[in-house]
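Asks: Here is what each chain is made of, one letter per residue.
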Amino acid sequence: MDLAPAGDYRSSYREDMTIFPTRNSRIAMWLGLALLCAAPLVLGRYELGLLINIGTLGIAALGLNILVGFTGQISIGHAAFFGFGAFASAWLHERWHIPVALCIPLAGAMTALVGLVFGAPAGRLKGLYLAIATLAAQFILEDFFARAQWFTGGVAGRITEPFALGSWVADREETYLYVVIAYVVVMYAAAANLMRTRDGRALVAVRDHYLSAEVMGINLAYYRTLSFGIASLYAGIGGALYAHYLLFVSVEAFNILFSIQFLGMVIIGGLGSVMGSLMGAAFMVLLPELVQAGADALSGSAIDRVLKLGASISFLREMAVGAAIILFLIFEPDGLAHRWRLIKAYWKLYPYSH
Amino acid sequence: MAPDAPILAAEQVSLRFGGVRALTDVSFEIRRGEVFSIIGPNGAGKTSMVNCISGRYRPTAGRIRFDGEDITRLPTRKRAAIGIGRTFQNLALFGHMTVLDNIMVGRHHLMRHGFLSGMAYWLGGAQREEIAHRREVEEIIDFLEIQHVRKAPAGTLSYGLRKRVELARAIALRPKLILLDEPMAGMNLEEKEDMARYILDLNEEWGMTVLMIEHDMGVVMDISHRVMVLDFGKKIAEGAPDAVLADPHVRRAYLGEADEVVSEPEEALAP
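Quick note, the sequences are listed as chains A and W, same order. Heads up, the first sequence is in the working numbering, so the first residue is 18 and it goes up one at a time. Heads up, the second sequence is in the working numbering, so the first residue is 13 and it goes up one at a time.
Just to be clear, a hint being listed does not mean it is correct.
Capping the alpha-carbon separation at 27 Å, the derived lysine-lysine pairs in DSSO-like fashion look like this [unchecked claim]:
hint : chain 1 : residue 1 : chain 2 : residue 2
1    : W       : Lys90     : A       : Lys143
2    : W       : Lys204    : W       : Lys163
3    : A       : Lys365    : W       : Lys163
4    : W       : Lys188    : W       : Lys204
5    : W       : Lys188    : W       : Lys90
6    : A       : Lys361    : W       : Lys163
One side of the interface only, derived from the structure: several residues of chain A facing chain W at Cβ under 7 Å [what the hints assert, rightly or not]:
hint : residue
7    : Thr214
8    : Asp216
9    : Arg218
10   : Val221
11   : Ala222
12   : Asp225
13   : His226
14   : Val232
15   : Gly234
16   : Ile235
So the derived label-pair ranges between C-beta atoms look like this [what the hints assert, rightly or not]:
hint : chain 1 : residue 1 : chain 2 : residue 2 : range
17   : W       : Leu135    : A       : Leu50     : 18 to 28 Å
18   : W       : Arg85     : A       : Gly183    : 54 to 64 Å
19   : A       : Leu228    : W       : Gly126    : 17 to 27 Å
20   : W       : Gly55     : A       : Phe156    : 42 to 52 Å
Treat the hints as calculated values from the structure; they're not laboratory data. C-beta: ideal position from N, C-alpha, C; glycine also.
Using the sequences and the hints, build the whole thing.
Replies: Encoded structure:
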């Protein structure tokens with residue numbers, strides 16, 4: 018089954034610019050989607066919850082990847098924007114009685130505006146200086162969450178309403194999964210489209226060589242700030258989806274550790290890869306589960322008795338994430354997306370190596 | 013605007029970095045449709061002059077007019093739209109992008125779809141725009157004979173090919189004036205011949221005015237209509253290639269002793 022073309026068989030520019038290059042890769046995509054849609058038939062609520070988490074975090078991680086991977090900026094305040102989206106959606110519904118289905122995109126737009134404000138320094142700052150500026154965004158927003166009772170409910174947090182479309186209410190994992198899948202498809206298609214059109218290329222041009230980008234007529238400050246806006250849009254939508262899944266948003270959740278986790282996702286998934294963002298999010302959600310499963314399997318054995326796995330499982334889960342980031346940086350700095358490309362190339366050429 | 017008015021006029025351009033005088037009162041005009049070369053020893057201010065024209069540097073004094081318009085203080089990014097394109101002495105491609113995307117970036121200022129209609133690829137006409145510009149880009153790819161590397165990341169190409177891609181990207185801007193900063197540096201004879209042919213075609217068939225910096229005297233004398241010589245930031249000669257070569261100032265300041273002046277271009281031309 019060829020997912021990558023073995024030669025150039027395309028006869029129009031339109032065909033040459035498709036996201037999925039072969040018929041088989043398109044079939045694989047539809048099959049994958051169909052399988053996901055059938056997941057509630059076989060998986061339990063816990064596993065479906067994991068899938069939902071992968072989806073919401075994956076959308077936000079994609080936003081960060083557009084900022085860090087494609088535009089070459091840095092942000093260590095992404096979780097704050099994720100949180101802002103969550104609170105904004107809850108607030109829009111409670112204060113203005115807007116249906117939740119509309120609240121989610123509106124929360125995304127609101128977060129994008131906030132992102133543009135905090136992204137404004139990006140027009141002038143680079144590297145470490147920009148990192149510190151985004152750190153400021155993280156702290157300012159966190160403080161705002163704690164104090165702005167009208168918006169976030171203060172330390173008590175905010176209860177959110179489930180997603181509803183007419184009489185169809187998505188208040189359980191089995192139903193909410195479809196909402197998340199729909200958003201993932203739309204947001205990922207939008208990002209893939211962006212990267213193959215004018216403004217997406219401009220973002221990458223700014224990353225790769227800003228001096229010649231300027232000679233090509235690209236407004237550096239505009240695109241550096243815009244990438245913050247787009248990243249925040251994705252974070253906001255991811256956050257809103259998260260809020261209407263948990264049905265409760267608390268102030269403490271969106272701290273700097275969470276921001277670093279987002280960075281971990283895009284590094285593990287692959288900087289500058291759209292699908293890599295989803296792979297990174299899946300990795301980050303599933304790795305602790307894997308560690309847990311491993312510890313469970315060993316429970317009662319000699320290893321468990323010596324190392325006391327059961328008692329230290331919460332540390333082990335965190336440490337596995339940290340170790341994964343380090344190992345990826347050393348052995349696969351291009352991330353899971355690159356590994357996936359290598360696997361595809363391997364199958365295409367099998368049994369030859371070149 | 014009279015058709016014989018110069019496309020570019022530099023008036024007493026000076027550029028200083030602290031105590032260093034990179035350019036001192038340099039004035040010249042480039043006529044529409046000519047190939048104009050700037051030569052001079054290393055550090056003579058050739059690239060500084062090109063940087064002033066492309067907007068990288070702001071002259072400390074003097075004015076630069078393009079098409080009759082004063083562009084001395086025009087931001088760099090706005091110069092693509094008025095018709096100035098350039099290549100760089102040290103390659104400045106977008107290394108991780110494919111050759112195709114690199115050249116498509118050159119079309120940036122001619123396209124209008126923003127990020128929202130780009131995200132809605134199929135709905136707002138962004139796809140149609142991409143295809144229309146892709147056609148233009150393919151024409152340039154054919155012209156420069158780089159079809160085989162179309163989908164390769166620019167950073168993986170050989171030096172000669174990268175130079176060619178950079179030229180392609182500058183052509184994609186559809187500039188009226190194209191600035192080539194050492195287009196043939198580090199090339200072998202065959203590659204130089206190809207490049208010279210491209211520059212001549214650009215000038216004659218695509219109708220672009222060319223400003224070129226080049227060290228290879230053979231090429232410069234062969235394809236330039238006029239030549240300007242800079243030395244220590246000052247203009248010491250300007251005119252037809254033979255006249256410039258014969259100029260005693262140029263011999264002394266740049267080309268060395270009389271014997272070399274006569275023999276060097278012929279050597280470089282020898283097959």
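Asks: Would you mind marking each hint as holding or not holding in the structure?
Replies: Structure-based check of each hint:
no.: 1; hint: W:Lys90 / A:Lys143; in the structure: holds (23 Å)
no.: 2; hint: W:Lys204 / W:Lys163; in the structure: holds (24 Å)
no.: 3; hint: A:Lys365 / W:Lys163; in the structure: holds (18 Å)
no.: 4; hint: W:Lys188 / W:Lys204; in the structure: holds (23 Å)
no.: 5; hint: W:Lys188 / W:Lys90; in the structure: holds (14 Å)
no.: 6; hint: A:Lys361 / W:Lys163; in the structure: holds (18 Å)
no.: 7; hint: Thr214; in the structure: holds (3 Å)
no.: 8; hint: Asp216; in the structure: holds (4 Å)
no.: 9; hint: Arg218; in the structure: holds (5 Å)
no.: 10; hint: Val221; in the structure: holds (6 Å)
no.: 11; hint: Ala222; in the structure: holds (5 Å)
no.: 12; hint: Asp225; in the structure: holds (4 Å)
no.: 13; hint: His226; in the structure: holds (5 Å)
no.: 14; hint: Val232; in the structure: holds (6 Å)
no.: 15; hint: Gly234; in the structure: holds (3 Å)
no.: 16; hint: Ile235; in the structure: holds (6 Å)
no.: 17; hint: W:Leu135 / A:Leu50: 18 to 28 Å; in the structure: holds (21 Å)
no.: 18; hint: W:Arg85 / A:Gly183: 54 to 64 Å; in the structure: holds (59 Å)
no.: 19; hint: A:Leu228 / W:Gly126: 17 to 27 Å; in the structure: holds (23 Å)
no.: 20; hint: W:Gly55 / A:Phe156: 42 to 52 Å; in the structure: holds (49 Å)
Consistency with the previously given hints is maintained throughout, with no hint failing.
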